[in-house]
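> The lines below spell out each chain.
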Amino acid sequence: MRRNSLTLFVGFILLIIFVLLLFTFQVRQTEVVVVTTFDRPTRTYSEQPGLKWKWPYPIQKVYRFDKRVQNFEDDFEQTYTRDGYNLLASVYVGWTIEKPAEFFNSFPAGTAAAAEPTLKSLIRSSKNAVIGRHPFSNFISTDPKQLQFAEIEKAMLDSIREQALSKYGIGIQFLGIKRLGLPESVTQKVFDRMTAERQREVERLRAMGEAEAMNIRSAADRDRNEIIAKAEAEATAIRGEADAEAAKSFAVFSEHPELAVFLLKLNALEQSLKDRSTLILDERTPPFDLLSGSLSTNSNRPAPKTP
Amino acid sequence: MSDHDHQHHDHDHAHGHDHKNRAHPSGTGEIDLSRKKAEAPAPEPIPAPVEDAGSQALSEALRSSFVIVKIVMVILVIVFFASGVFTVSSQEKAIILRFGKPVGTGPEQLLGPGLHWSFPYPIDEVVRIPIGEIQTVTSTTGWYATTPEEEATNSEAEPGPSLNPAADGYTLTADGNIIHVRATLRYRISQPLDYLLNFVNASNVVQNALDNALFWASSRTTVDQALTLDKVGFQEKVIARVRDLVDRQNLGIVIEQAEVRTIPPRQVKNAFEQAFAADIERRKARDDARAYANRILSTAQGEATGIVNAGQTARTRLVQAIAAEAKYYQDQLPHYRNNKELFAQRLRTEFLSRILTNVEDKILIPERRDGKSREVRLQLSREPQNPVDPNQQAAQQQK
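Residue numbers (my numbering), protein chains in the order written: chain B, 1160 to 1466; chain Y, 10 to 408.
No lab work stands behind these hints, which were simulated from the structure alone. Keep in mind that a hint or two might mislead.
Label pairs and their computed distance ranges (CB to CB) [stated by the list, open to error]:
1) Y/Gly141 to B/Thr1196: 43 to 49 Å
2) B/Thr1201 to Y/Lys79: 43 to 49 Å
3) Y/Glu160 to B/Thr1196: 53 to 59 Å
Built from N, CA and C at the ideal position, the CB exists for glycine as well.
Please model the entire structure based on the sequences and the hints provided.
So this is what it looks like as structure tokens:
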């Protein structure tokens, strides 16, 4: 009896497993699922992961798609800007299966690869249209007002988002420019221009260097002269002060100017005959007049001569 | 499993029917099963009749094999549940998907390092997420084509005159020039659930964002800024753009670091080098001029100080000299008043005697007898040793 009930229990478990396998299916966190009843889509699951019920195989079928953001890059292709420039551009998009039923209708295979050709043609037409509306200076510019890089990306995104969602159930999450380029022949012209620009730059730098150096030097010379001139002026002023001070002392001499002049002369004479001088004197010059025995005082004639 | 069940039935059956059908001590499973079904409601236990040795041996054998089967079953069940044990290393996190749905809510979904248990597949599924390690993406969309051999040997083929858009990458600067840019971005996964569950290939999204950022940053930077003047600013623009994009796309990553390298195209490399050399020359000329200015100015300062000091000295000297003279004058004044002539004579003689000791050569010219003036000829020699002609000197000294 005990064994029999165990048997029944095991059998029951197996039955449950079997039934579960037939009547349930899993929806993973990363999946969206479309359930078809007699090949007609009846239910979709995208936000509710877990165990779900269904009728067994021929009645209901389960189709799973990846819910996550998929990447797609289109080709690096030539297109024209509004002002007639040849521009090569490629963009990338991140897309998801937003409406599983529509997606399933459009791409029964349910794989990303199946949706890519459609996505590609959508992107291409949008890219060409948007780039054709903008001049080249909207793509690259030193002027922030001209530059509309982000706006261009947004315009492309806006123009495909609606269509992709309503027609194919594809949600475009983001879109960005992946590459920009110029046709091969144009690159050579750009190089020529760059070389010419560099040569001008070399000239400019040289001239600038010379001018700078000259400016610095002449400024330095000017400053130097100024400093010296100032110093000289100061020194002159000091000398003037000295003369003024000396003038005060001259007042003392006013009583007997002839004595002062005499003393000054003596002093000046002494200064000038300090060393290595030769004197040629008249014999009558005192005190040499003693040699001729006279007492008279005559004029003296000193003739100083410095070698 | 079902085999075991059959054996089980077999065994049961053998016991119950031995007394009725001894000619068939055992049979095929199918027959037994059908009989069992028919007889299941029959009252039990039926008292065991005497069994012959053969059937007893058989039932013994079946009993022991049933025990073995039971043990195996228990082991299988244990193994089944034990297979759900797994470890998570410190470099990763894990989440359990039960019937496809993450177990727990919010941060509880993430299992940290250690030993964990889940139901075995297909009930539960363990998804591991690398988290600790730094992820790296490199963008070469803006770089010229290189073959792996060239990369390995670090050599480069001679570039053609133009860039082939199919192979060579480059970016366009704001002033319409071409530059090559290459970037490496390092990032960490901060929101593993977003990173793993929302993107088929999240690193590819990061890569695209980096590519986009290079073109975005180039489009608003001049060639000089990108290559020389403001490399750091360019790199910051790239990082800011990538950050902006990954935030908007909810990638769940944190950017750790980015390296951006910019070079001029190889086709115009020489021109750039010349410009670079010219710039260095310019700086050198400027630095030289500055050095000259510094030197000349400090010299001038010195000179100026000298001039002022000389002025000061002259002033002091003059003032003191005058003061000294004034004093001397005042000292002499009383003597002068006493007798002017004598005073003058005395002073003059004193003075002469004083200076004559200093003077090297002294020549006295005597008065002529007839009272006429005498003619004296001087021959000035340049030799400092012989200031006066020796003959003349001798002649005069005779007098």
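> Taking the CB of B/Thr1201 and the CB of Y/Lys79, does the distance hold inside 43 to 49 Å?
With a Cβ separation near 46 Å, B/Thr1201 and Y/Lys79 satisfy 43 to 49 Å, so the hint holds.
> Verify the CB-CB distance for Y/Glu160 and B/Thr1196 against the hinted window 53 to 59 Å.
At 56 Å between Cβs, range holds.
> Look at the Cβ atoms of Y/Gly141 and B/Thr1196 and judge whether their distance stays inside 43 to 49 Å.
holds, 47 Å
Comparing the model with each earlier hint shows no violations; every hint is respected.
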